[in-house]
Amino acid sequence: MIEKIKEKIESSVEAATVYVRDPMSDGQHFEAIVIAPQFEGMLLVKQHQLVMNTLKDEFKGDVVHALQLKTFTPQKWEEVKSQYIN
Amino acid sequence: MDENTKQEIEKDIKENKVFLYMKGNPEMPQCGFSSQVVSILNQFGVEYKSKDVLSDEAIREGIKEYANWPTIPQLYVKGEFVGGCDIITEMAQSGDLGKLLSE
Chain D
1 MIEKIKEKIE SSVEAATVYV RDPMSDGQHF EAIVIAPQFE GMLLVKQHQL VMNTLKDEFK
61 GDVVHALQLK TFTPQKWEEV KSQYIN
Chain Y
1 MDENTKQEIE KDIKENKVFL YMKGNPEMPQ CGFSSQVVSI LNQFGVEYKS KDVLSDEAIR
61 EGIKEYANWP TIPQLYVKGE FVGGCDIITE MAQSGDLGKL LSE
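Protein chains in written order, with our numbering: chain D, 1 to 86; chain Y, 1 to 103.
Calculated directly from the structure, the hints in this document are not laboratory data.
Quick caveat: nothing in here was measured; it's all calculated off a predicted structure.
Check before you lean on any hint, since a few could be wrong.
Unchecked claim - Chain D side only, calculated, beta carbon under 7 Å to chain Y, not exhaustive:
#1 L43
#2 L44
#3 H48
#4 M52
#5 T54
#6 K56
#7 F59
Positions of the beta carbon are idealized from the N, C-alpha and C atoms, including for glycine.
Bound-form chain D, shown alone (with noise of 0.2 Å):
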C-alpha cells in the first residue's frame, strides 16, 4: 500500500519526492512528507488538497483511513530536514 500512496501522489505531483510510512504497521493509518517545487507560494491547505484528492478513491473506500501529511518547498525541507530524516 505505501508503494501505491507513493506513486498516486508521484503522479499527480509535479517533480515531487515522496516518503511514505506506515508507523502502526496497520495498514490504515500512514504517514507522508511531500516536498515539491510547485509548492512555492501556496496555501498550505492548496498543498494538501493537492496531495489528498489524490487519493479520493482510497479515502472513500477506507482502504486509507487516515494519511497525516506534511508538506514542504524544497527549500523549506533543507531547513527541517534533519528532524525527519533520522
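Please build the complex by placing chain Y on the supplied structure of chain D, with the hints as guidance.
The following block gives chain Y in isolation, referenced to the frame of chain D:
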C-alpha cells in the same frame, strides 16, 4: 451533491463563525482526528457549532465535494474551509489559527 445538501452546508458555515464537521460530537468524538481538533478549539476557548457527519451520509459526502477535501474532520471559519486535522494542528502551533479566530 443535491441542492438542499449544498444549501444546508452553506447555511451552517455562513451562520456560524466557527463550524466543525466531525465524527461524533464535541462531548463524544468518535475519531482521534476529530477529537484532536475539538481539543484545539477548546484550548482557544472559541465558541463553535458542530455536526456529526456519521448521522448524515448526504452531508458526509457533500462536504468532501464542497471543500474538495476527502476526509473528516473539516473546520470552517467565516464560511471558508480552513483545513483538516493536520492543518489545524500546524496552524495552532504557528499562531495562525489564533489570529484567524480572533479576527
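Results for each hint:
Against a cut-off of 7 Å between C-beta atoms, the interface hint on L43/D is violated, since the closest Cβ of chain Y lies about 10 Å away. For L44/D, the shortest C-beta to C-beta distance to chain Y is roughly 6 Å, which falls under 7 Å, so the interface hint holds. For H48/D, the shortest C-beta to C-beta distance to chain Y is roughly 6 Å, which falls under 7 Å, so the interface hint holds. A cut of 7 Å between beta carbons decides the hint on M52/D: the least distance to chain Y is about 5 Å, and the hint holds.
Of the supplied interface hints, the one on T54/D is violated, with its beta-carbon coming no nearer than about 10 Å to a beta-carbon of chain Y, more than 7 Å. With a cut of 7 Å, the hint placing K56/D at the interface with chain Y holds, because the nearest CB-to-CB distance is about 5 Å. The beta carbon of F59/D comes within 4 Å of a beta carbon in chain Y, closer than 7 Å, and the hint placing it at the interface holds.
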